[in-house]
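Please build the complex by placing chain B on the supplied structure of chain A, with the hints as guidance.
Protein chains in written order, with the working numbering: chain A, 1 to 135; chain B, 1 to 143.
Please note that the accuracy of each hint is not assured.
To be verified - Computed footprint of chain A on chain B, listed as stretches where at least three residues anywhere in the stretch have a Cβ under 8 Å from a Cβ of chain A:
| no. | segment |
| --- | --- |
| 1 | 7-16 |
| 2 | 96-105 |
Claimed, not checked - Selected chain B positions facing chain A (Cβ under 8 Å, derived; list incomplete):
| no. | residue |
| --- | --- |
| 3 | V49 |
| 4 | A58 |
| 5 | E60 |
| 6 | T61 |
| 7 | E127 |
| 8 | R133 |
Since the hints were derived computationally from the structure, they do not count as laboratory data.
Heads up, the beta-carbon is just placed ideally off N, CA and C, and yes, glycines get one too.
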Amino acid sequence: MGDVNVDIAANLRLADEVLERGIRRVLGVAEARVKEVLQRPGSGKVYRRGGVDHQASAAGEPPAEDIGNLIAATNANPDIIRTAEAVEGEIESKTTYSEALEKGTERMAARQFLERLNTEFGDELREAFREGVEE
Amino acid sequence: MNSTATIFARLAAVASSLATYEGASAIFDETAPDDFLIQDPRPEKPFIVIAAPSSDVALETFTERGRMIVQDVRAYQRRTGSAAELDALMRAVRDLFHNAPETLAVAGGVCDVARVTGPVQSPTSDEAYLGRRITIRLDFRNT
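For reference, chain A alone in the conformation it holds in the complex (with noise of 0.2 Å):
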């Protein structure tokens, strides 16, 4: 009778790098629908500031481009997170009004800029992992 042997050290780091692999594939599509729906213009009220008009988003589009600071501080987080339960990659957004913007406060409907990677581009986001994983 002929001995099995599995390595599963091995195949654990090899499925690591797999889903690390797709993960980072995922990140860099992500990343780059983020900061495309944040350049989209906005409909909502027009204010005038500095002798330049600038057209804020309405409630329920995405925040409208002003200086371009919600745009810079919107990236993927180079740090893949490892748990006991899962591997994970982030899209972080660093502003101090980051999240006022995507969830909403008393007096601001939500201008959700995050939430759409999963509402408009989640096949888009699948299929990226799927070729980041086979590449």
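Relative to the frame of chain A, chain B by itself:
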């Protein structure tokens, strides 16, 4: 099927814990009105905002049609040095929905699944207020 109406109807159970506005419990859709928010002093009791759905997708089989809806409910209260009342309110709101689909009134359908996460901290525009938020997932089936 109108999930906001379903949520609004169920929130009647906590009406006595809320501030009032124009003679009714302070439960608003999307945002609270300016004349309510800028009262001086700010309203002492909490008020609730039902957000628009963040996701509303088809939930279909060969024989049945429905929607899976994800929607936030947020509550705010004037800062008093303690969030205990606001936290207690939002835990009560969570318990009105979580795993209690049979208690929900749905025009044109029934609710098969109701799951809630939170309450968690929710941002405010006015630092005079504290905010809390729950996220409700509702699976509605047409009847």
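- Query: In ascending order, which of the hints set out earlier in this document are inconsistent with the structure?
  - Reply: Violated hints: 1, 2, 4, 5, 6 and 7; rest satisfied.
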